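Starting from the known structure of chain B, arrange chain G on it as the hints suggest.
Just so you know, the protein sequences line up as chains B and G, in that order.
Residue numbering for the first sequence is 11 to 416, as defined by my numbering.
Residue numbering for the second sequence is 2 to 261, as defined by my numbering.
Incorrect hints may appear among the rest.
Stated by the list, open to error - Lysine-lysine pairs mimicking DSS-like chemistry, simulated, CA-CA at most 27 angstroms apart:
#1 Lys254(G) - Lys109(G)
#2 Lys109(G) - Lys92(G)
#3 Lys21(B) - Lys147(B)
#4 Lys21(B) - Lys39(G)
#5 Lys19(G) - Lys39(G)
#6 Lys406(B) - Lys109(G)
#7 Lys19(G) - Lys406(B)
#8 Lys57(G) - Lys93(G)
#9 Lys203(G) - Lys57(G)
Said to hold, decoys possible - Selected chain G positions facing chain B (Cβ under 7 angstroms, derived; list incomplete):
#10 Ser4
#11 Ala133
#12 Gly150
#13 Leu156
#14 Ala161
#15 Asp164
Claimed, not checked - For each label pair, taking beta carbons as the anchor points, the in silico distance ranges come out as:
#16 Gly416(B) - Asp73(G): 45 to 53 angstroms
#17 Lys19(G) - Val315(B): 27 to 35 angstroms
#18 Ala269(B) - Ala142(G): 44 to 52 angstroms
#19 Ala354(B) - Gly151(G): 29 to 37 angstroms
#20 Lys19(G) - Arg385(B): 25 to 33 angstroms
#21 Ala332(B) - Gly151(G): 20 to 28 angstroms
#22 Glu221(B) - Cys213(G): 44 to 52 angstroms
#23 Gly368(B) - Gly151(G): 27 to 35 angstroms
#24 Thr271(B) - Glu71(G): 34 to 42 angstroms
#25 Val163(G) - Ala354(B): 27 to 35 angstroms
#26 Gly210(B) - Arg77(G): 56 to 64 angstroms
#27 Arg178(B) - Asn148(G): 34 to 42 angstroms
In case anyone wonders, no lab produced these hints; they're calculated from the structure.
Since the model is a prediction, treat every value here as computed from it, not as a measurement.
All residues carry an ideal CB built from backbone N, CA and C; glycine is no exception.
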Amino acid sequence: MSSLVTGGGEKPLLRIAMVGHVDHGKSTLIGRIRHEMSTLPGTAAVDASVAGNWAFVTDQLQEEREREMTIDTTQTFLDTPVCRLVFIDVPGHQELIQNMLSGATRADAAVLVLAGDEGVQVQTRRHALLLSMLGIKTVIVAVNKMDALDRREDAFRALERTAVEELRALGIEVSGVIPVVARDGDNVVRRSEAMPWYDGPSVMEAIGELELAVAPVDALRFPVQGVLRHDGPATVVGRVLSGSVAEGDALTVCPGGAAVTVRAIRRFPEDHAPAQTGESVGLVLDGPEPGRGDVLAPAEDLPQVTRTPAGRVFWLAEAPLALGEELALRCATQAVPVRVAAIADRLDSATLDPLPPGEALAAMQLGTVAFATERAVVVEAFDRMAGLGRFVLERKGTAVGFGIVG
Amino acid sequence: MESESIYVIREAYSRYSKVAMLWSMGKDSTSLLWLVRKAFLGKVPIPVIHIDTSYKFPEIYAFRDRLAKEWDLDLRIARNEEALAAGMGPKKIDKFACCNALKTVALKQAIAGMGFEALLLGIRRDEHGVRAKERYFSPRAQDFTWNVGGQPPELWDLYATVDEAAHDRIHPLLHMTELDIWRYVRREGIPVNPLYLAKDGKRFRSIGCAPCCAPIPSTATTVDEIIAELEASREPERAGRAQDKENAFTMQKLRSLGYM
Numbered sequence: 011m012s013s014l015v016t017g018g019g020e021k022p023l024l025r026i027a028m029v030g031h032v033d034h035g036k037s038t039l040i041g042r043i044r045h046e047m048s049t050l051p052g053t054a055a056v057d058a059s060v061a062g063n064w065a066f067v068t069d070q071l072q073e074e075r076e077r078e079m080t081i082d083t084t085q086t087f088l089d090t091p092v093c094r095l096v097f098i099d100v101p102g103h104q105e106l107i108q109n110m111l112s113g114a115t116r117a118d119a120a121v122l123v124l125a126g127d128e129g130v131q132v133q134t135r136r137h138a139l140l141l142s143m144l145g146i147k148t149v150i151v152a153v154n155k156m157d158a159l160d161r162r163e164d165a166f167r168a169l170e171r172t173a174v175e176e177l178r179a180l181g182i183e184v185s186g187v188i189p190v191v192a193r194d195g196d197n198v199v200r201r202s203e204a205m206p207w208y209d210g211p212s213v214m215e216a217i218g219e220l221e222l223a224v225a226p227v228d229a230l231r232f233p234v235q236g237v238l239r240h241d242g243p244a245t246v247v248g249r250v251l252s253g254s255v256a257e258g259d260a261l262t263v264c265p266g267g268a269a270v271t272v273r274a275i276r277r278f279p280e281d282h283a284p285a286q287t288g289e290s291v292g293l294v295l296d297g298p299e300p301g302r303g304d305v306l307a308p309a310e311d312l313p314q315v316t317r318t319p320a321g322r323v324f325w326l327a328e329a330p331l332a333l334g335e336e337l338a339l340r341c342a343t344q345a346v347p348v349r350v351a352a353i354a355d356r357l358d359s360a361t362l363d364p365l366p367p368g369e370a371l372a373a374m375q376l377g378t379v380a381f382a383t384e385r386a387v388v389v390e391a392f393d394r395m396a397g398l399g400r401f402v403l404e405r406k407g408t409a410v411g412f413g414i415v416g
Numbered sequence: 002m003e004s005e006s007i008y009v010i011r012e013a014y015s016r017y018s019k020v021a022m023l024w025s026m027g028k029d030s031t032s033l034l035w036l037v038r039k040a041f042l043g044k045v046p047i048p049v050i051h052i053d054t055s056y057k058f059p060e061i062y063a064f065r066d067r068l069a070k071e072w073d074l075d076l077r078i079a080r081n082e083e084a085l086a087a088g089m090g091p092k093k094i095d096k097f098a099c100c101n102a103l104k105t106v107a108l109k110q111a112i113a114g115m116g117f118e119a120l121l122l123g124i125r126r127d128e129h130g131v132r133a134k135e136r137y138f139s140p141r142a143q144d145f146t147w148n149v150g151g152q153p154p155e156l157w158d159l160y161a162t163v164d165e166a167a168h169d170r171i172h173p174l175l176h177m178t179e180l181d182i183w184r185y186v187r188r189e190g191i192p193v194n195p196l197y198l199a200k201d202g203k204r205f206r207s208i209g210c211a212p213c214c215a216p217i218p219s220t221a222t223t224v225d226e227i228i229a230e231l232e233a234s235r236e237p238e239r240a241g242r243a244q245d246k247e248n249a250f251t252m253q254k255l256r257s258l259g260y261m
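One chain only, chain B, in its complex shape:
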């Protein structure tokens, strides 16, 4: 799981995806938050013409406003005194799941919006499943449209129980369930007086109290992006995925296994060492020169090197993934041709029910896929090293599915 990003003494950054079924009020909730928080210094006021139709704060495309539906993912920013918040709005419609993922893969935490009058729907479940796969396990549930339930406590408690149970089954421990009327602002930023039976935090208060898990290991992982040869010695550039690297460090180039030593750490305008997690730097190495896709790691703690990678795969494209198909697997800076060797444990993401054994994965289906490749790839269990535990499958340069290494 991503940790709070605090590079360079900046305030912590917290990116929150709003997920849930179509028309349950994700954009309305973001718009309402944005409106009420625009008293913050440095925050532009919300355009007065959207008052009451808060979804228009993020739904700025002509088609989105005409159809009153989010089509593409949007990010909106709030600079609070304690942290920088990024709200990621995503479409709830099932045909737009790729846009949902483009937003959700950038999130640290999520608010699952559930309309009180409709309860858990297909996309509620599918989005929750995707959060679980993406390792986003810090989730607040906002039960919206409480006005349609006359703001009644018994109706809320029933929904709360269902939501908590369904999410727990996916490995998500809910950080709070909040009764909300996003349109009117009940329990959005301020606590609602119209639901006196609820004494918990508002959505914004709950967000302020979130604590994110920190990455469990700090062994160095340095995926090589490329090699610069402008002048002087060749410089291997990349971003430190995990751990830190200092001059004199002895490292192994994966998957090849060559030994190298760090001679210098290069930056502009001035070199300084060491390089910490998240920093983009250049390394001058003694030893055989690595290339794009290689991963540098310490000999005593190496990632997995394999010709048979496997993972839980969620399929996106209309044309199914078939046994024997050849496609490209991308992981960190690697891009490797792979062949589908086995498909097992298929699941329907709408119902979360298992599917009978089959030799293909259709759109919106999930399965455990084993691949075979000529070239060894470097991977790691997602829970241990997220950046080497997630991959994208590409056909003709377009992402058609993604996977998580178990």
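Chain G alone, transformed into the frame defined by chain B:
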């Protein structure tokens, strides 16, 4: 934030053989240019294109020529000479047609002439509601159109577009806000175009073509003062830009035709 931008820039450089960047000499694309220098340890290994409408402020041209020399840039100037010869300008027809002819068409001509596969641009999500929907790697069709509703998925930082794209737009500053940029300018000591600094009680918050940009009332004469002013302001950044105001969906139309 800086590391993310550098990562995106290096991904673009590693994955395309012909890459260039657009530079308007504004605070965003100048910060982008600075980040390119950081990504490549002091060098700018790609051509830098200025789309010159000829209506820019004189201060913009002076700033361009100074940095081009100091930073050893491979500067290419793109102008739609045909439209300029025919007298195209913001007063001639409407602003939409002018922006389209002098910016989008000039860019099309430059890309066709120089054969670029990918272009780095300094746009940011918080600038405009339509730009908030952009991806880091964003494909453009042969006719330059942007299919905003049907963008390919962009999962984590495993950037991908589509093989059949005519060119890809790369947006390394997407996650930065206006205040982030100014704080970054201050931290790094990036040169600032003098138009941003107040003179006679006015300064430009967003700069482009002289006829279509209005200054805002301001007393900020240093980057520190600009930051303090923005921290207290509730006005949107592009309030002084004509194009955005004329029609709610003008930006979307311009962008779907290939505008930056």
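Each hint, compared with the structure:
1. Lys254(G) - Lys109(G): holds, 16 angstroms
2. Lys109(G) - Lys92(G): Holds, at roughly 23 angstroms.
3. Lys21(B) - Lys147(B): Roughly 22 angstroms between the alpha carbons, so the hint for lysine 21(B) and lysine 147(B) holds.
4. Lys21(B) - Lys39(G): With Cα atoms ~23 angstroms apart, lysine 21(B) and lysine 39(G) stay inside 27 angstroms; holds.
5. Lys19(G) - Lys39(G): holds, 19 angstroms
6. Lys406(B) - Lys109(G): The given pair, whose Cα atoms are some 25 angstroms apart, holds under the 27 angstroms limit.
7. Lys19(G) - Lys406(B): OK: lysine 19(G) and lysine 406(B) at ~19 angstroms, within 27 angstroms.
8. Lys57(G) - Lys93(G): Cα-Cα ~16 angstroms, so holds.
9. Lys203(G) - Lys57(G): Given that 27 angstroms is the threshold and the Cα spacing comes to 18 angstroms, the pair holds.
10. Ser4: holds, 4 angstroms
11. Ala133: holds, 5 angstroms
12. Gly150: holds, 5 angstroms
13. Leu156: holds, 5 angstroms
14. Ala161: holds, 5 angstroms
15. Asp164: holds, 4 angstroms
16. Gly416(B) - Asp73(G): 45 to 53 angstroms: holds, 50 angstroms
17. Lys19(G) - Val315(B): 27 to 35 angstroms: Hint holds: Cβ distance 34 angstroms, inside 27 to 35 angstroms.
18. Ala269(B) - Ala142(G): 44 to 52 angstroms: holds, 47 angstroms
19. Ala354(B) - Gly151(G): 29 to 37 angstroms: Holds, at about 32 angstroms.
20. Lys19(G) - Arg385(B): 25 to 33 angstroms: holds, 27 angstroms
21. Ala332(B) - Gly151(G): 20 to 28 angstroms: Check passed, 24 angstroms falls within 20 to 28 angstroms.
22. Glu221(B) - Cys213(G): 44 to 52 angstroms: Hint holds: Cβ distance 48 angstroms, inside 44 to 52 angstroms.
23. Gly368(B) - Gly151(G): 27 to 35 angstroms: 29 angstroms Cβ-Cβ, so the 27 to 35 angstroms window holds.
24. Thr271(B) - Glu71(G): 34 to 42 angstroms: holds, 36 angstroms
25. Val163(G) - Ala354(B): 27 to 35 angstroms: holds, 30 angstroms
26. Gly210(B) - Arg77(G): 56 to 64 angstroms: holds, 59 angstroms
27. Arg178(B) - Asn148(G): 34 to 42 angstroms: Holds, since arginine 178(B) and asparagine 148(G) (Cβ atoms, about 39 angstroms apart) stay within the stated range.
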